[in-house]
Amino acid sequence: MKKVLILAVAAAIVMLVPSFASAQTANGVLTVTATVQGSIGLVFNSDAAGVALSSGAGTNAATLAFGNVSAFGAVSAGVVRTVAANSFTVSSAVDVQVSKTNSASANYTLKAQLGAADAVNSWTVGGIAVTSAAQSTLTATGTYAANSNFPVAITVPFTTASGTLISNTINYTATAN
Amino acid sequence: MKRQNATRTLVIAALMLSSAALFGQTATGVINGTLINKNGITLVFDSDPAGVALGNSGTSAASVNFGNISAFGPLSGGVTRPSVTVANFTVQTIFDVNVIQGGLASVTYTLTANLAAAAPTGFTYKVDAVTLTTAAQTIQANGTYNTDVAHNLGLVVLTAAPGAGGPAVGSPIAATINFTATAN
Chain A
13 MKKVLILAVA
23 AAIVMLVPSF
33 ASAQTANGVL
43 TVTATVQGSI
53 GLVFNSDAAG
63 VALSSGAGTN
73 AATLAFGNVS
83 AFGAVSAGVV
93 RTVAANSFTV
103 SSAVDVQVSK
113 TNSASANYTL
123 KAQLGAADAV
133 NSWTVGGIAV
143 TSAAQSTLTA
153 TGTYAANSNF
163 PVAITVPFTT
173 ASGTLISNTI
183 NYTATAN
Chain B
745 MKRQNATRTL
755 VIAALMLSSA
765 ALFGQTATGV
775 INGTLINKNG
785 ITLVFDSDPA
795 GVALGNSGTS
805 AASVNFGNIS
815 AFGPLSGGVT
825 RPSVTVANFT
835 VQTIFDVNVI
845 QGGLASVTYT
855 LTANLAAAAP
865 TGFTYKVDAV
875 TLTTAAQTIQ
885 ANGTYNTDVA
895 HNLGLVVLTA
905 APGAGGPAVG
915 SPIAATINFT
925 ATAN
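Residue numbers (the working numbering), protein chains in the order written: chain A, 13 to 189; chain B, 745 to 928.
Pulled out of the complex, with its shape left as it was, chain A reads as follows:
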């Protein structure tokens, strides 16, 4: 009789224990959706042989400052100068790097255009004349994920007054081929 009583108590304890031991839980389900799109990005990098970009290196909005330039005086490091009969040209190497993601594109086309017209000075990028009138194609077979040097050059007439600030923007567009 005593054994039966002990067994009954033990069984009751076993039955009660799980209800105390099991932790209270709550569940939730979050469905996550996204649509991947292929994309390309363009950044400017300082070229070791050129003028260091004064701001924005590694981004898509950089500044190239030639400093004081003249036909015969000293020029900043990284500036290459050539002098003609009536003008002089200063240039600096500038690296452009285009990266692709989630795309099977093999290469890209790079174009450039001046932000504002310049009736006095002549501009070239990578040896290609650049104006504000239309985009100029710098390359049609650009290599992704590599620094490509496209030197920026400005030809200044001798008639330009000393102390004249020359400033413009060059807009670049890379398009995946």
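None of these hints come from the bench; they were simulated from the model.
Cβ coordinates follow ideal geometry from the N, Cα and C atoms, glycine included.
You can take every hint at face value.
Stretch-level coverage of chain A by chain B, calculated; a stretch enters the list once three of its residues show a Cβ under 8 Å from a Cβ in chain B: (1) 38–44; (2) 48–55; (3) 109–116.
Which chain A residues stay away from chain B? Per the calculated CB distances, all over 12 Å, these: (4) G68; (5) T101; (6) T121.
Given chain A, work out where chain B should sit, using these hints.
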């Protein structure tokens, strides 16, 4: 004479008794109502002001749509892109988890999460700093009840092209994340 008196007395007594029977009838009853207060916790997802607005916000079965994502292109409101590397890019949003408890002595809860199925090709899912797998992992061990707790939901996407290890492009890719809150 005595008989008449006795008869009169009986009639009066009968009238008195009948009136007592007609007026002031009452009935009473008692119902013993029993209520057992069951303790428990529940979990709901809420939109975070800084994140993407959830579908079915305020429920335990919500959805979040990042919209179009890319390494360099525009993103939807509430989606940020904390990193872009050669190998991958990460997009992120914030959502809130609110675990409500009643009748428990528990002060905090543990939040775990797991992917319902293996991640789609090219995708890795993260909640806060935890990279999700199909096995439950602890996101937070000391969650506070009855308040929105913000969590970051991150998608790490390989930059490789489709077919070269990268994800499919141009069509929605979905995954389900299961969350469990356990009272401490």
